[in-house]
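Protein sequences appear in the order of chains A and B.
For what it's worth, our numbering labels the leading residue of the first sequence as 1, then goes sequentially.
For what it's worth, our numbering labels the leading residue of the second sequence as 1001, then goes sequentially.
No lab work stands behind these hints, which were simulated from the structure alone.
Don't take each hint at face value.
Pairwise CB distance ranges (calculated) [stated by the list, open to error]:
#1 Gly106/A to Leu1133/B: 21 to 31 Å
#2 Gly1096/B to Ala39/A: 19 to 29 Å
#3 Pro1183/B to Pro69/A: 57 to 67 Å
#4 Leu1068/B to Val114/A: 20 to 30 Å
Every value quoted in this text rests on a predicted model; they were computed, and no experiment measured them.
From the three backbone atoms N, C-alpha and C, an ideal C-beta is built for every residue, glycine too.
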Amino acid sequence: MTRPSTGLAYGRWTPFWFLAPAVLALALIGLYPTLFALATSFRQYNLTRTRDGFPFVGFDNYVTVLTDPTFWQTLGRTGLFFLCVMPVEVALGLAAALLLHQTGLGMLRALARVSLVIPLATTYAVVGLLGRLIFNRDFGVANAGAAALGFGPIDWLGSPTGAFTAIAAMDVWQWTPFCALIFLSGLSMVPVEIEEAARLETGSKWALLSHVQSPYLWPGLTAMLILRSADVLKLFDSVFTMTRGGPGAATELISIYIQRVGFRVFDMGVASAQALLLLVLTIVLARLYIRFFYREID
Amino acid sequence: MRRLLHALGLLAVFLFAVFPFYWMVSSSFKTQNDILASPPVWLFQPTLDNYRQVFADEKVTRAVLSSLIVAVCSTGLSLILATPAAYALARFEFRGKADLWFWFISNRFISPIVLALPIYIIARNLGLLDTHLVLILIYVTFILPIVVWIVTDFFRSIPRELEEAARLEGASQFAIFWRIYLPLGMPGIAVSAIFGFIFSWNELLYALVLTRRDVQTAPVVATSFMSGYEIPWGKIMATGTVIVLPVTVFALLVSRHMVRGLTMGATK
């Protein structure tokens, strides 16, 4: 990049040959299916009624989706889920990061830091199965905790609010470490001299955080918000294994709903239209992310 | 006093992160009676029965093998395809580079359900449902971008002087990639391979809809035990432990790179 451009040291087509395998592969298994889904979304494509063929129906599927109250409800529920878990994950993550950043207690600090990797690596499906055990009404450990606080047994997975709380709790467990580690890496970017000088000036941790450390935390927070909102739009495995979207539709998030329309009702046309609308949302998020974080590439 | 509070806080962080994991592992050593006890028992006579059942169940062992085949092949294929691309992105200037970069990165954001629908139809038409191949190929769509990101970053940190010296001695572009960048970028390639392995090992949605009987992966089989009249909790938790343990070890190996990998390098 700083090299004087005295002509290229490689042939004009060299980059092409290095890129071709990856680009071809992604085009074949990523782009082609997406275009296939686009084509499907303009057809009546029900796999249980293949005898009629798959006639072209124009924008019918999109009209169906956009006027389908369930679609909007699931999208709203997904948004609500994000609004419930995100502040908790950010707050707990920041608290954990500040504890891990503070000097002293080297061994315990290292142990706590390493332990944060465990939730992040745990197979999502297993998180869901574990949630079924922890939040079981009769013998779950969550109700043992509730009883210790003086609450009667709560039917977590059997009641709409309970199930929503339970899937949110498992999400908080799995993704708080993500926020904590990002905040921690932000905190470690604060130049030591500046932090030391500020510590001599003020004894208040809040002043230190809001005036000295916060500028180093904003980029991480932005990354978290964008990535986590994309993740919530993707969220399937753990919720599916824990509640299958129930009871009723209480925990049916957008990916679970599309999976149901596509693979239980087998209405691929409508499901594809839903998926493509979801894809548009995703692309907006990806654009934002790139705008914020990869400026040097342009 | 301050120190004590700090210690208690750190202990809370540790317990928060470890407790559900601990609960899974400890339940995997419990008898069904101990699991169904209310209030839950904390001290119990551990048993290996659940593990005996798991390893005797051909469904589980075959599923673990399937998961292993799919994870290793999809990661390997992604490495072969992505490392040359990473080299090009790290060292060449060309038109459309930013767009290409955007395309690679945006795969990280796409919900699996978007591709699962068309892939299901295509695989059905080609007779590829319930094969290792379809899972291997589909997993490449999300492992390849991870490899591109991580490895590009590592390649950028290799001094250009090495490349220029080799060029003066007449090395071809491919030789430069093969003899200089691949060996020196090995740590980055290893890290990205571990990430790829973890993602494909942990994946459920594609595996659920694209396989039936022959190549069910481990998460699918674990999920399938969760039905019927009496749920075999101990066996499910033992299966869960068997699934989670190897990836946890891998994740601990790359814990230093965890954040960079998950944010695609947005934060260091």
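Hint-by-hint comparison with the structure:
no., hint, in the structure
1, Gly106/A to Leu1133/B: 21 to 31 Å, "violated, 49 Å"
2, Gly1096/B to Ala39/A: 19 to 29 Å, "holds, 26 Å"
3, Pro1183/B to Pro69/A: 57 to 67 Å, "holds, 58 Å"
4, Leu1068/B to Val114/A: 20 to 30 Å, "holds, 26 Å"
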